[in-house]
Amino acid sequence: MTDFKIVVCMKVVPKPEEIRVDPETRRLERSQVRSEFNPPDMNALEMALRLKDLYNARVIILSMGPAFFEPYLRIGLAMGADEAFLLSDRRFAGADTLATTYTLAKGIEKLGHPDLIICGEESSDGATGQVPPGLAEWLGIPQITLVTDIEMDLEQRVVRGRREVRGGHEMLEVPTPAVISVKTASNEPRFMDYEIKDKAFKQTKIGVWSCEDIEADEGYIGVPGSPTIVTGFEQATIRERKREFLPGARDEVVRRLLESIQDYL
Amino acid sequence: MVASLYGVEDEQKAIWVFLEQMEGEVERVSLEILSKGRQLADEAGWSLVGLLLGHQVSDQAERMVAYGADEVWLAVHPLLEYFTVDAYAHVVEQAMLKGRPSVFLCGATPNGRDLAGRLAVRLRTGLNADCTDLRLNPENGMLTSEVTGFGGGVLALLESPHHRPQMSTVRPGVFPMGEEDPNREGHVHEMEFELAEGMIHTKLIQRVVGEGVDLTQTPVLVCGGRGIEGKFDMLQEFAHLMNGEVGATRPPVDEGHIERERQVGQTGVVCRPKVAFACGISGAFHFVVGIQDADIVVAINSDPNAPIFEYTDFCIVDDALQFVPALIEAIQMDRATAND
Chain A
1 MTDFKIVVCM KVVPKPEEIR VDPETRRLER SQVRSEFNPP DMNALEMALR
51 LKDLYNARVI ILSMGPAFFE PYLRIGLAMG ADEAFLLSDR RFAGADTLAT
101 TYTLAKGIEK LGHPDLIICG EESSDGATGQ VPPGLAEWLG IPQITLVTDI
151 EMDLEQRVVR GRREVRGGHE MLEVPTPAVI SVKTASNEPR FMDYEIKDKA
201 FKQTKIGVWS CEDIEADEGY IGVPGSPTIV TGFEQATIRE RKREFLPGAR
251 DEVVRRLLES IQDYL
Chain B
1001 MVASLYGVED EQKAIWVFLE QMEGEVERVS LEILSKGRQL ADEAGWSLVG
1051 LLLGHQVSDQ AERMVAYGAD EVWLAVHPLL EYFTVDAYAH VVEQAMLKGR
1101 PSVFLCGATP NGRDLAGRLA VRLRTGLNAD CTDLRLNPEN GMLTSEVTGF
1151 GGGVLALLES PHHRPQMSTV RPGVFPMGEE DPNREGHVHE MEFELAEGMI
1201 HTKLIQRVVG EGVDLTQTPV LVCGGRGIEG KFDMLQEFAH LMNGEVGATR
1251 PPVDEGHIER ERQVGQTGVV CRPKVAFACG ISGAFHFVVG IQDADIVVAI
1301 NSDPNAPIFE YTDFCIVDDA LQFVPALIEA IQMDRATAND
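Protein sequence lines correspond, in order, to chains A and B.
If you count by the numbering used here, then the first sequence holds residues 1 to 265, one letter each, in order.
If you count by the numbering used here, then the second sequence holds residues 1001 to 1340, one letter each, in order.
Since the hints were derived computationally from the structure, they do not count as laboratory data.
Mixed in with the good hints there might be a few duds.
Said to hold, decoys possible - Now the stretches of chain B that chain A is said to cover, found in silico as 3 or more residues with beta-carbon under 8 Å:
{"#": "1", "segment": "1015 to 1021"}
{"#": "2", "segment": "1050 to 1061"}
{"#": "3", "segment": "1120 to 1128"}
{"#": "4", "segment": "1157 to 1163"}
{"#": "5", "segment": "1221 to 1231"}
{"#": "6", "segment": "1253 to 1265"}
On a predicted model such as this, the values are computed, not experimentally measured, just so you know.
Built from N, CA and C at the ideal position, the CB exists for glycine as well.
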């Protein structure tokens, strides 16, 4: 194994289609909701595993959340990651982007000096896309976001990424270590490898780290470390539509439709 | 508790808007935010300041006054010609520490998000990303940002009461753009700042940017989903006849039938056309939010129970692969007759 080390930040999220707002309490109803790996993070893991295939890199999964994340992290191990760590501490809860990126950065520092930190483009629950640049800022290293493909130059210690921008793309190069965010759906995540699945689920130990383990400042984590407060939730309302079914044979419907929309064009 | 680099006590009652430019042209989303910023500033009696970084962009600074800015802070440097997050974050940070605005807004574009994400950490403040609405309380100067989460089904209201600036990135297309008024008066302030090559670690090797489509501005949007089986040529022909653009749900984009910049919905573009057509689309909520601001929605789906019909004005139960060609033919016939 080379000394090329990659940390992949992964999150477990509630399935978005199952979330509701309680109209009385205005709180999110999460109790009945099933969870999954944040889909964009699967693309991040796949990108890391491809680099492992190419360069024999060591791939470490890092996540922050409650203990029930553990079995999900094992899915990542069964896909081919070498190690997994979970930052889990009641005091981490209630973190906004600032506190989350701080906590993850402290976890990454504890992991030693990775060459790359790869994240998904955004999370499907918060969808802010602000973790990768925030993480890069805390770590004081460069970033390339929204990347569909990367190539490494291990000699020169640089990474080149193809970044999606409006109407096209750009090719950027930054020195490593660097933070990369992967454009959603830019690769096809692999299935679990059944030869290592047993080991991943039964033997591999997942490191669980508290605030003290990563030497985090309590004022920077969880609620005290979060400038942002949520003052309310609302169920998104969609404007009422006419819902008028146009009757008749196809030709008649075409006629009716063209007449109906004429006034709006 | 974590404290921001400057606080509520020493803030300036001002809304700052980052004016993103590409090749010397200010992006539309920045003008949309200027327009919203003007309204909020007027309600609160605050000033509206635009922040423009670039190389040859001085002419744009004057234009931003016409679009509503009371003041434009202009940073000119060859190293600012193209966006790199290193250079831009460095200069914007210096501007913020001098100007100490209460509110800082920028577009939720790839570059805007990169910049805001780093700046918020550097300034130790909160960041509300991809906002769909903004309110400013004239009494206490509190900015409330509305964001959508969980696939668009839930709205959350966010505030950052004790940290400055109050930062939000704004989703393109949610605010209408204001009118340019050449008689408006304002002041362009050329900034002094530090920037050197050694501060920039990002190397731009190549840039391939075509025309790019802007679905947020099209009057007619023709969207296709799984049900059109990749036949986007047919939708293109129809859209062309209607003077519109083609959009898509996520599956055809993932399958490579159409470019990602044409993806409509929560993770794509939110459009406000006069008429939106949904062809062969079942109607998942995260798609529907992308056309909720259309004046009229037409849906064509062979399944009468498809959820899309809940969000539709004119519902057509038919196979889109059969119906759309019939529609194209009828329009062509009408036009041929009109021309005779």
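To see whether the hints hold, each was checked on the structure:
no.: 1; hint: 1015 to 1021; in the structure: violated (count 0)
no.: 2; hint: 1050 to 1061; in the structure: violated (count 0)
no.: 3; hint: 1120 to 1128; in the structure: holds (count 8)
no.: 4; hint: 1157 to 1163; in the structure: holds (count 7)
no.: 5; hint: 1221 to 1231; in the structure: violated (count 0)
no.: 6; hint: 1253 to 1265; in the structure: holds (count 4)
The structure fails hints 1, 2 and 5 (numbered hints given earlier, in ascending order).
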